[in-house]
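Modelling step: build the complete structure from the supplied sequences, incorporating the hints.
Residue numbers (this note's numbering), protein chains in the order written: chain L, 1 to 277; chain V, 1001 to 1277.
Keep in mind the hints are simulated off the structure, nothing from the lab. Built from N, CA and C at the ideal position, the CB exists for glycine as well. One or more hints might be untrue.
[To be verified] Output of the computed footprint for chain L on chain V, the stretches with three or more beta carbons under 8 Å from beta carbons of chain L: (1) 1033-1045; (2) 1115-1129; (3) 1162-1168; (4) 1171-1178; (5) 1183-1193; (6) 1199-1210.
[Said to hold, decoys possible] Derived pair list, reagent style DSSO-like, types lysine-lysine, alpha-carbon separation capped at 27 Å: (7) K223(L) to K5(L); (8) K1005(V) to K179(L); (9) K81(L) to K33(L); (10) K110(L) to K1188(V); (11) K1033(V) to K179(L); (12) K1081(V) to K1223(V); (13) K1179(V) to K33(L); (14) K1110(V) to K1179(V); (15) K190(L) to K1110(V); (16) K1188(V) to K1110(V); (17) K1190(V) to K188(L); (18) K110(L) to K1223(V); (19) K1179(V) to K179(L); (20) K190(L) to K1033(V); (21) K190(L) to K33(L); (22) K188(L) to K1223(V); (23) K1005(V) to K190(L); (24) K1110(V) to K179(L); (25) K188(L) to K1081(V); (26) K1033(V) to K1223(V); (27) K1110(V) to K1033(V); (28) K179(L) to K33(L); (29) K33(L) to K1188(V); (30) K33(L) to K188(L); (31) K1179(V) to K188(L); (32) K1188(V) to K190(L); (33) K1110(V) to K188(L); (34) K81(L) to K5(L); (35) K1081(V) to K190(L); (36) K1081(V) to K33(L); (37) K110(L) to K5(L); (38) K179(L) to K1190(V); (39) K223(L) to K1223(V); (40) K1179(V) to K1190(V).
Chain by chain, the residues:
Number of protein chains: 2
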Amino acid sequence: MENLKHFLLALCAAGAAGFVAIIFVLRWVLHFKEGLGWDGSLAEFNWHPVLVVTGFVFLQGTAIIVYRLPWTWQCSKLIMKFVHAGLHVAAFLFAVIALVAVFDFHNAAKIPNMYSLHSWIGLTAVILYGLQLVLGVGLYLIPVTPVSWRTACMPIHVYSGLLLFTTVIAVALLGITEKLIFGLTNPKYKDSPPEAVFVNILGLLLVIFGALILWIATRTSWKRPSDQTLHVLHTNSGGEDAKVGPALSDLTDETNAESGEDVRRRSNKPPVDNQVD
Amino acid sequence: MENLKHFLLALCAAGAAGFVAIIFVLRWVLHFKEGLGWDGSLAEFNWHPVLVVTGFVFLQGTAIIVYRLPWTWQCSKLIMKFVHAGLHVAAFLFAVIALVAVFDFHNAAKIPNMYSLHSWIGLTAVILYGLQLVLGVGLYLIPVTPVSWRTACMPIHVYSGLLLFTTVIAVALLGITEKLIFGLTNPKYKDSPPEAVFVNILGLLLVIFGALILWIATRTSWKRPSDQTLHVLHTNSGGEDAKVGPALSDLTDETNAESGEDVRRRSNKPPVDNQVD
Chain L
1 MENLKHFLLA LCAAGAAGFV AIIFVLRWVL HFKEGLGWDG SLAEFNWHPV
51 LVVTGFVFLQ GTAIIVYRLP WTWQCSKLIM KFVHAGLHVA AFLFAVIALV
101 AVFDFHNAAK IPNMYSLHSW IGLTAVILYG LQLVLGVGLY LIPVTPVSWR
151 TACMPIHVYS GLLLFTTVIA VALLGITEKL IFGLTNPKYK DSPPEAVFVN
201 ILGLLLVIFG ALILWIATRT SWKRPSDQTL HVLHTNSGGE DAKVGPALSD
251 LTDETNAESG EDVRRRSNKP PVDNQVD
Chain V
1001 MENLKHFLLA LCAAGAAGFV AIIFVLRWVL HFKEGLGWDG SLAEFNWHPV
1051 LVVTGFVFLQ GTAIIVYRLP WTWQCSKLIM KFVHAGLHVA AFLFAVIALV
1101 AVFDFHNAAK IPNMYSLHSW IGLTAVILYG LQLVLGVGLY LIPVTPVSWR
1151 TACMPIHVYS GLLLFTTVIA VALLGITEKL IFGLTNPKYK DSPPEAVFVN
1201 ILGLLLVIFG ALILWIATRT SWKRPSDQTL HVLHTNSGGE DAKVGPALSD
1251 LTDETNAESG EDVRRRSNKP PVDNQVD
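Here it is as C-alpha cells:
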C-alpha cells in the first residue's frame, strides 16, 4: 500500500473521532438527559441519538472502508463482502430501532410525527439505505447476477453509499439542533449552557468522522488490490502462495466482478467512472 | 463526451433544482416572512438565507462543475480557471454578506452570536472556503508555482472543495431547521403550517441540487479532456485547428499542470488518486 503511514493516521483519526462521538452521545443521554429506557418516555427517545451515532454513523462508516484495511487483504473478497454487507445490515437495524424509539416516544407524548426536515430526510435516508442494501446483496452477493450488471451498477452503488452516509451525518446534525432547541429551556440553547457546548462538540466530531471516512474511501492508492495482483505478489514472494491460496480460491469469477474496476483492469481498459476530477 | 444525453439530463435537473430553490427562498422571505431590508430588523436577517442559497450553494455548485460543460472545452483552460475562481469568489462574497446580515440582526436584537451548531460549522466553512480560495489562486493561477506542488495538492483541492460544498448544504439545512423552529410560533413548526411544508421542500431541493452536482463532478467520463487530446481531435478533424489554436495557445505548461491528472497523462502514469472505489 502506498503511504501506509498516512492511511494508518487517517484510520486512527477516524476511529478516534467515531469512538469519542459514541462516548459523547452516551454521556449526553446518561449525564445531561434522562438516561435510557423503553417506556415511551424521554428515556426511550434517548435511544434514538445513541443508536444513530453508534450504528447509522459509526458502523456504516466502518462498513464503507472495511475493504481498505490492509490486514484484511489476505481474506477472500467474498468474505470481505459478507463483512461489508453484515456491518451495513447491523447499521440498518440500529437505524430502524432508532426510528421505533422516536415514533414510540412521539405517540406516547402526543407529538406529531414527520413534520420536520430532520424527519423527512431521515426517513427517506433509512428507506433508501434499505433499498441500497437489498440491491447490493442482489447484485454482488447472489452468484447468478450477470457480471455486466455488476459492472454497470458499481459506480451507482459507490456513489449512493457515500451520498447516503453523508446525508445521514447531515440528518444527525439536524437532530442534534432540534433536540438542543426543544430540550434546553432554562437556560436556553442561546445561553450556551454546558450541555449545548458539549453536544455542539458531538456534532463537530460527527463531521470530522464523516470527512475522514470520505477521505479514506476516495483514495485510489488505498484501494484493496485486485485478487489477481495479490496472487501474483504472493507467488513472486515465494512460499506465500500456499498460505494465501485457499483464501483466494474462495473467489469465483462473479465475486471478482463485484468491482467494475476489477473487470476493467482485466480487460486493460482505463477506469471511466468513480473518479473525482 | 460519453453519455452526453445523461450529462445534459443531470445538468438540467441540477439547474432546475437550484433555480427552483432560489425561487423558493425568495418566496419564503417575501411572502411568508418580512421581506428584505438592511435596517437590523428581521428583513435584514432575511438576506442571510437568500444569499446563502443563491451564492454559497448555487454559485458554488456551478463553479464546481463549470469545467465539465462541453461547450466550454473550446475555451482555454486558463480562461476556464478564471471562470471557476471567479464564481467561487462571488460565492464567497455572498457568504460574507450573508454573515454580516445575521450578525447585524443578532446584535440589534441582542441575540447571542455563535452559540449554535449551525453557526459553529457555518463560520468554519466560510473561513475554510476563504482559505481554499487563497490556496487555489496561489497554486493554480499564479504562474510561478511549481508543477510538482500543483500536482501534489490537486487531490486535496478537489476533496476539500467537494467536502466544503457538502458541508455548506448541511449547514443550510441546519439554518432552515433553526429558523422554522424559532420563527413559527402560532401555529408551531410541529403543526405543519404551509410555511413549514414549503420550507421543508426548499431543504429537499438543496439536497437534490447537492446530490446532482456531486454526481456530475465525480463522473470521470464527463471530465474536460486534456488540452493535448482536444488539440489532436481538432487537428484530425481538419480545418478546425486554426479556430481552436489561438485559444489553446493561451495555455502554458504551468496552466496545463493545474490538473494532476493532466500531468500524469503526459507521463503515461495511471491516476493514483481522486477516484472513488
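Hints and how they fare:
{"no.": "1", "hint": "1033-1045", "verdict": "violated (count 0)"}
{"no.": "2", "hint": "1115-1129", "verdict": "holds (count 6)"}
{"no.": "3", "hint": "1162-1168", "verdict": "holds (count 4)"}
{"no.": "4", "hint": "1171-1178", "verdict": "holds (count 5)"}
{"no.": "5", "hint": "1183-1193", "verdict": "holds (count 4)"}
{"no.": "6", "hint": "1199-1210", "verdict": "holds (count 5)"}
{"no.": "7", "hint": "K223(L) to K5(L)", "verdict": "holds (15 Å)"}
{"no.": "8", "hint": "K1005(V) to K179(L)", "verdict": "violated (44 Å)"}
{"no.": "9", "hint": "K81(L) to K33(L)", "verdict": "violated (39 Å)"}
{"no.": "10", "hint": "K110(L) to K1188(V)", "verdict": "holds (15 Å)"}
{"no.": "11", "hint": "K1033(V) to K179(L)", "verdict": "holds (25 Å)"}
{"no.": "12", "hint": "K1081(V) to K1223(V)", "verdict": "holds (14 Å)"}
{"no.": "13", "hint": "K1179(V) to K33(L)", "verdict": "holds (25 Å)"}
{"no.": "14", "hint": "K1110(V) to K1179(V)", "verdict": "holds (17 Å)"}
{"no.": "15", "hint": "K190(L) to K1110(V)", "verdict": "holds (11 Å)"}
{"no.": "16", "hint": "K1188(V) to K1110(V)", "verdict": "holds (23 Å)"}
{"no.": "17", "hint": "K1190(V) to K188(L)", "verdict": "holds (19 Å)"}
{"no.": "18", "hint": "K110(L) to K1223(V)", "verdict": "violated (52 Å)"}
{"no.": "19", "hint": "K1179(V) to K179(L)", "verdict": "holds (14 Å)"}
{"no.": "20", "hint": "K190(L) to K1033(V)", "verdict": "holds (22 Å)"}
{"no.": "21", "hint": "K190(L) to K33(L)", "verdict": "holds (18 Å)"}
{"no.": "22", "hint": "K188(L) to K1223(V)", "verdict": "violated (49 Å)"}
{"no.": "23", "hint": "K1005(V) to K190(L)", "verdict": "violated (49 Å)"}
{"no.": "24", "hint": "K1110(V) to K179(L)", "verdict": "holds (23 Å)"}
{"no.": "25", "hint": "K188(L) to K1081(V)", "verdict": "violated (47 Å)"}
{"no.": "26", "hint": "K1033(V) to K1223(V)", "verdict": "violated (42 Å)"}
{"no.": "27", "hint": "K1110(V) to K1033(V)", "verdict": "holds (20 Å)"}
{"no.": "28", "hint": "K179(L) to K33(L)", "verdict": "holds (11 Å)"}
{"no.": "29", "hint": "K33(L) to K1188(V)", "verdict": "holds (24 Å)"}
{"no.": "30", "hint": "K33(L) to K188(L)", "verdict": "holds (15 Å)"}
{"no.": "31", "hint": "K1179(V) to K188(L)", "verdict": "holds (16 Å)"}
{"no.": "32", "hint": "K1188(V) to K190(L)", "verdict": "holds (19 Å)"}
{"no.": "33", "hint": "K1110(V) to K188(L)", "verdict": "holds (15 Å)"}
{"no.": "34", "hint": "K81(L) to K5(L)", "verdict": "holds (25 Å)"}
{"no.": "35", "hint": "K1081(V) to K190(L)", "verdict": "violated (42 Å)"}
{"no.": "36", "hint": "K1081(V) to K33(L)", "verdict": "violated (51 Å)"}
{"no.": "37", "hint": "K110(L) to K5(L)", "verdict": "violated (53 Å)"}
{"no.": "38", "hint": "K179(L) to K1190(V)", "verdict": "holds (13 Å)"}
{"no.": "39", "hint": "K223(L) to K1223(V)", "verdict": "holds (22 Å)"}
{"no.": "40", "hint": "K1179(V) to K1190(V)", "verdict": "holds (13 Å)"}
Violation of the numbered hints given earlier is confined to hints 1, 8, 9, 18, 22, 23, 25, 26, 35, 36, 37; the remaining hints are satisfied by the structure.
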